[in-house]
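Residue numbers (full-length UniProt numbering), protein chains in the order written: chain A, 1 to 237; chain B, 1 to 237; chain C, 1 to 237; chain D, 1 to 237; chain E, 1 to 237; chain F, 1 to 237.
These aren't lab readings, by the way, just hints derived from the structure by calculation.
Incorrect hints may appear among the rest.
In this list, chains with the same sequence are indistinguishable; a pair is considered to hold if it fits within one copy or across any two.
Said to hold, decoys possible - Here are the simulated PhoX-like cross-link-like pairs (lysine-lysine), alpha carbons at most 25 Å apart as the crow flies:
| id | residue 1 | residue 2 |
| --- | --- | --- |
| 1 | K52 | K86 |
| 2 | K86 | K18 |
| 3 | K46 | K162 |
| 4 | K86 | K7 |
Number of protein chains: 6
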Amino acid sequence: MRNNNRKNDEMREVKVTKNYIIHPEGSVLIEFGNTKVICNATIEEKIPRWLKMDNSSKGIHSGWIAAEYSMLPRATNTRVQRESIKGKISGRTMEIQRLIGRSLRAVIDLEKLGDRTIMVDCDVIQADGGTRTASITGAYLAVELAIEKLIDENKLKEIPIKSKVAAISVGKVRNEIILDLDYEEDSAADVDMNIIMTDKGEFVEIQGTGEEATFTQNELLKFIELSKNAFNKLFTL
Amino acid sequence: MRNNNRKNDEMREVKVTKNYIIHPEGSVLIEFGNTKVICNATIEEKIPRWLKMDNSSKGIHSGWIAAEYSMLPRATNTRVQRESIKGKISGRTMEIQRLIGRSLRAVIDLEKLGDRTIMVDCDVIQADGGTRTASITGAYLAVELAIEKLIDENKLKEIPIKSKVAAISVGKVRNEIILDLDYEEDSAADVDMNIIMTDKGEFVEIQGTGEEATFTQNELLKFIELSKNAFNKLFTL
Amino acid sequence: MRNNNRKNDEMREVKVTKNYIIHPEGSVLIEFGNTKVICNATIEEKIPRWLKMDNSSKGIHSGWIAAEYSMLPRATNTRVQRESIKGKISGRTMEIQRLIGRSLRAVIDLEKLGDRTIMVDCDVIQADGGTRTASITGAYLAVELAIEKLIDENKLKEIPIKSKVAAISVGKVRNEIILDLDYEEDSAADVDMNIIMTDKGEFVEIQGTGEEATFTQNELLKFIELSKNAFNKLFTL
Amino acid sequence: MRNNNRKNDEMREVKVTKNYIIHPEGSVLIEFGNTKVICNATIEEKIPRWLKMDNSSKGIHSGWIAAEYSMLPRATNTRVQRESIKGKISGRTMEIQRLIGRSLRAVIDLEKLGDRTIMVDCDVIQADGGTRTASITGAYLAVELAIEKLIDENKLKEIPIKSKVAAISVGKVRNEIILDLDYEEDSAADVDMNIIMTDKGEFVEIQGTGEEATFTQNELLKFIELSKNAFNKLFTL
Amino acid sequence: MRNNNRKNDEMREVKVTKNYIIHPEGSVLIEFGNTKVICNATIEEKIPRWLKMDNSSKGIHSGWIAAEYSMLPRATNTRVQRESIKGKISGRTMEIQRLIGRSLRAVIDLEKLGDRTIMVDCDVIQADGGTRTASITGAYLAVELAIEKLIDENKLKEIPIKSKVAAISVGKVRNEIILDLDYEEDSAADVDMNIIMTDKGEFVEIQGTGEEATFTQNELLKFIELSKNAFNKLFTL
Amino acid sequence: MRNNNRKNDEMREVKVTKNYIIHPEGSVLIEFGNTKVICNATIEEKIPRWLKMDNSSKGIHSGWIAAEYSMLPRATNTRVQRESIKGKISGRTMEIQRLIGRSLRAVIDLEKLGDRTIMVDCDVIQADGGTRTASITGAYLAVELAIEKLIDENKLKEIPIKSKVAAISVGKVRNEIILDLDYEEDSAADVDMNIIMTDKGEFVEIQGTGEEATFTQNELLKFIELSKNAFNKLFTL
């Protein structure tokens with residue numbers, strides 16, 4: 001039996017608090033059960049140097065979206081040393097923030113965004129599994145708010161959003177295929193898959209990993225099937 | 001006139017939410033107006049190596065208390081680069097976390113704490129001036145909760161707290177001596193002073209700085225006088 | 001038309017030179033067309049500290065397998081600055097070496113490996129797309145050689161290999177679904193997928209990414225279908 | 001009794017050797033007893049980038065003064081690892097060099113300095129307590145020499161110095177209030193205070209710290225009183 | 001007796017594979033016995049900033065040549081940690097790459113090279129002593145190829161090469177003076193000398209080091225004599 | 001004509017101030033003209049971990065000697081950024097400190113030194129060419145003092161010094177072969193050679209470098225000849 005009597009195909013409660021922090025152009029506190037992530041979107045009226053060169057070689061004015069991800073040291077059950085103290089970003093952090101950035105760029109028309117960058121900070125203040133899927137889902141909502149602000153202030157004429165995007169985890173734990181794994185389930189999982197999908201039902205990214213285990217094509221299809229329950233709910237947020 | 005019609009000797013509203021994060025041994029969200037800091041205290045049943053050597057040379061079993069301080073990139077009005085990305089801690093961060101640690105060690109009997117370390121993480125999620133005074137005040141409250149837990153679990157026989165401690169800022173802005181500066185006032189201040197005091201009315205630390213300016217002994221005494229209003233309120237929390 | 005008249009479902013020529021470098025316990029030069037990777041497996045008769053603690057809490061003697069990945073500065077068409085000079089590993093490098101490590105751990109029985117670590121170094125001396133799939137495939141072969149050596153030297157009684165593993169890329173480029181992308185194709189791809197599979201036809205990992213694009217479930221199934229051609233060939237190596 | 005029969009309100013002998021090093025624009029060897037610091041002031045005809053932006057937004061031409069502080073590894077009784085080897089500056093070093101910089105900026109009119117930076121290097125070649133107060137006092141003298149040179153070379157029309165500045169430590173050791181602590185006294189101090197004052201008798205900075213101890217307002221006033229003896233002497237240098 | 005019955009004045013077999021890697025402007029695999037180094041020369045149509053300033057102060061258009069050196073982790077008998085993981089370059093690596101750069105700059109007319117940089121990467125894929133002498137010799141050959149390409153493409157009118165350059169090691173091992181030390185000999189050497197010479201018989205650099213030992217002027221002359229055998233062969237390559 | 005009417009074969013005035021700093025076991029201020037270096041030798045009653053393992057495999061008790069080298073930022077005519085701020089040691093610094101260490105180890109019997117390390121810090125407080133030769137010469141004298149102290153304190157029975165060591169530079173500047181180059185000469189030199197010799201007339205190290213130039217065997221012999229004048233004087237110190 002899952003914690004709180006959850007069924008295998010049941011998500012944890014999802015809560016969204018918009019405009020959680022007062023300074024950012026877009027800010028959201030997103031909660032997937034006990035997992036809580038502050039997602040802040042910052043608009044910068046400039047683009048990275050490499051993109052400027054790339055744009056000018058193509059004669060276009062494309063913008064950029066990137067993300068950074070971090071956890072407070074006591075977001076987790078035991079304290080984790082700060083990456084600022086270690087002086088470097090872990091591989092896990094890098095993977096997650098690259099994933100968040102790609103997911104957002106897949107659904108935003110960067111040319112319509114123009115010569116500006118949206119930087120999204122996902123800071124996990126409390127973790128209980130699914131921090132990357134909560135981050136992607138919250139990051140999208142923060143970007144939506146920031147873009148609304150650009151529209152309101154007449155800095156953008158046209159909404160550059162091609163689709164909404166959200167993310168959910170599925171996995172195989174003790175031979176059960178389950179949705180939205182909490183920390184305890186994630187630690188015991190043989191297979192762990194993150195699915196990132198648009199509101200049009202198309203994949204943005206799919207990452208399935210056997211943890212010292214493998215999975216069949218049949219299982220892959222079941223994972224995908226299960227995730228669809230979640231996306232129906234997530235896109236009504 | 002100050003924001004929100006505050007009088008010169010008036011603090012901003014202070015709010016404390018205990019047990020804000022579920023994992024730490026002590027956790028507090030403290031708010032001084034719009035300044036919001038999550039203070040998490042972690043108990044570690046070990047002490048730093050240098051202390052172990054120092055203790056054994058003295059034949060004692062002293063514990064340790066230290067703090068780390070950080071701000072989310074968008075805690076402020078414009079985004080600040082993460083220290084984990086820069087790969088090093090700024091001088092400002094170091095100064096603040098050393099100050100928090102010293103303030104706590106001044107009021108906790110480290111020998112009574114025994115062979116354990118309390119590490120307090122102060123993470124500013126929203127900043128509007130006074131983040132270091134809010135952090136010290138919140139850090140103390142988080143430590144109190146963590147020590148209560150040690151007592152409850154029978155790991156400590158005796159409360160090792162010698163006094164309560166809290167902190168407040170005072171300053172000279174446009175020739176007015178004012179209490180508890182917000183960000184806008186802090187930026188305009190000629191003199192900026194942080195006073196850290198126990199509930200017995202003794203100083204733990206006093207730091208007064210002229211910002212391209214100086215101050216007289218008479219002004220010093222006024223700063224101290226003004227702070228007493230604040231401490232009366234802070235120690236009733 | 002693809003370079004060298006390749007068909008959409010055709011791999012590049014794969015060459016394997018065993019015992020390429022004389023010092024390592026297992027060494028392979030693997031070539032996928034113009035992509036050339038030196039894969040060296042090192043046996044260390046010790047395990048990481050975190051694993052030692054983890055093992056002792058579980059009462060087992062599990063070993064470990066990890067990988068490091070790097071490219072020579074001129075493996076690519078324009079020179080890339082060394083990560084040793086930059087003083088840090090890029091996110092891309094981290095992702096790839098974590099992926100190689102997970103792929104190997106999925107097919108090796110770590111308990112049977114005993115108290116030892118296999119560290120695999122994948123150094124790309126010439127790159128033309130598919131460096132991560134060539135690295136995984138070559139790394140597995142280097143590990144196989146190193147394990148043979150352990151068996152020959154009577155340090156291991158039983159072969160700890162559960163299955164063989166190999167990897168291949170598939171993608172969508174200019175609306176064609178193609179196998180084993182070279183650099184030029186990879187740069188133009190809308191969807192890029194890496195499939196890592198055992199010789200028993202099970203997935204170890206599947207990673208599909210829309211590059212500022214999305215993909216349907218139907219396309220996902222076509223990607224997987226196409227990859228099966230490759231695995232038949234790769235496992236006869 | 002204090003070392004060398006010093007009285008509680010007695011400073012150690014202070015020696016100043018001007019033009020100690022031949023290359024800098026201003027150079028001083030300052031000695032507070034056995035504490036010896038080389039203070040070198042460098043004039044750079046440029047200002048930091050952030051100041052340039054700040055100046056241009058305000059339409060002014062303000063200069064800048066900053067300081068760096070370091071100790072030779074054997075300035076102390078046991079060898080301390082170089083910060084260049086550790087690859088990072090300690091919190092203590094940061095605090096001290098920020099303090100020296102603030103102290104100098106409080107007494108120099110930065111607008112009169114114009115578009116130039118004075119960088120002061122304080123290198124402790126031998127330490128016996130009071131390295132920060134000796135550094136501030138010596139740094140001011142080195143800046144004075146460098147400014148004289150600017151005046152002599154007609155690069156500056158008007159002396160931009162508003163007051164002289166010097167610093168002294170006071171403290172409470174074994175219940176005695178004493179002036180100018182040496183290393184042995186500093187290590188035993190319950191309260192340690194650094195006072196930085198102008199020749200007009202105004203405070204530039206005051207920092208009092210209880211080391212696992214506290215102090216009363218009455219003691220604070222005694223500390224200040226005691227320091228006045230020192231400033232009378234220091235400003236006759 | 002030396003390995004493979006080598007005589008004291010006998011070099012190991014030297015092999016050169018030109019155009020070993022397809023991307024660089026000049027590429028060579030050089031082998032001194034079991035020592036194998038990939039030397040890749042990259043032409044960059046720009047010069048370092050410090051040289052630009054230096055050139056403009058002198059009114060000239062001088063180019064630059066520099067080198068980087070690295071070893072694969074298993075180039076050696078036991079695995080060496082990557083410098084990218086350690087986050088810094090070792091003193092040994094620095095010394096070698098500075099030496100390679102100086103050797104090349106001594107024989108190339110930098111003014112004739114014009115506003116461009118040649119960066120040579122020497123990556124040791126297998127090591128058995130003499131990696132620095134093989135690197136210098138191979139680096140020169142890679143530069144020669146890159147310069148030929150500049151001439152062929154009409155980017156350079158005149159060959160800027162003043163002489164050829166090559167390098168060889170000599171040493172004193174168990175009281176024998178020997179040429180071209182392999183790893184085993186190098187480890188046992190009392191004196192180790194690297195001689196870098198042009199095809200005109202002039203020294204570019206000479207570095208002789210007693211390893212916890214010393215050497216006489218007479219021995220110095222014998223070392224030099226012995227090296228001449230090697231240079232005759234190396235310059236016929 | 002050379003500065004101060006020096007002849008080509010004339011050294012600058014050499015001054016040695018013993019026991020310059022009070023804390024180290026051996027301390028010397030050495031001056032070669034305007035070049036001034038503080039050399040402090042520290043005795044540590046422990047050896048590096050790698051040596052401990054090496055010793056135990058050989059069944060011996062060998063000690064260790066190493067050196068660190070640094071320059072104050074304004075030791076030179078223009079200010080150089082601190083390596084502690086840059087966060088890394090330059091190649092030049094590494095080369096010099098490795099050279100000093102090797103020179104000392106060549107003349108001290110490390111087995112007689114026993115299980116201890118001598119760490120020598122060479123800090124250049126004023127530079128005018130020849131900082132590495134002054135450092136080696138001063139470092140040796142500081143080590144001598146530290147060893148005397150070990151003998152005096154009965155920690156060592158036998159003096160472990162095999163010979164004295166000193167160093168001098170020679171070079172070719174504007175076609176003149178000259179001794180002990182100052183900064184201005186060093187900058188103009190075509191060939192620069194550092195010779196490190198024992199008082200028995202044997203070489204410890206010889207490093208000759210053509211700076212975008214070469215030198216003949218005949219010139220090499222003249223360099224060596226010229227250096228002998230210097231060593232006669234240096235060993236009478």
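>> When the structure is checked against the list of hints, which entries are broken? Sort them ascending.
In response: 2, 4
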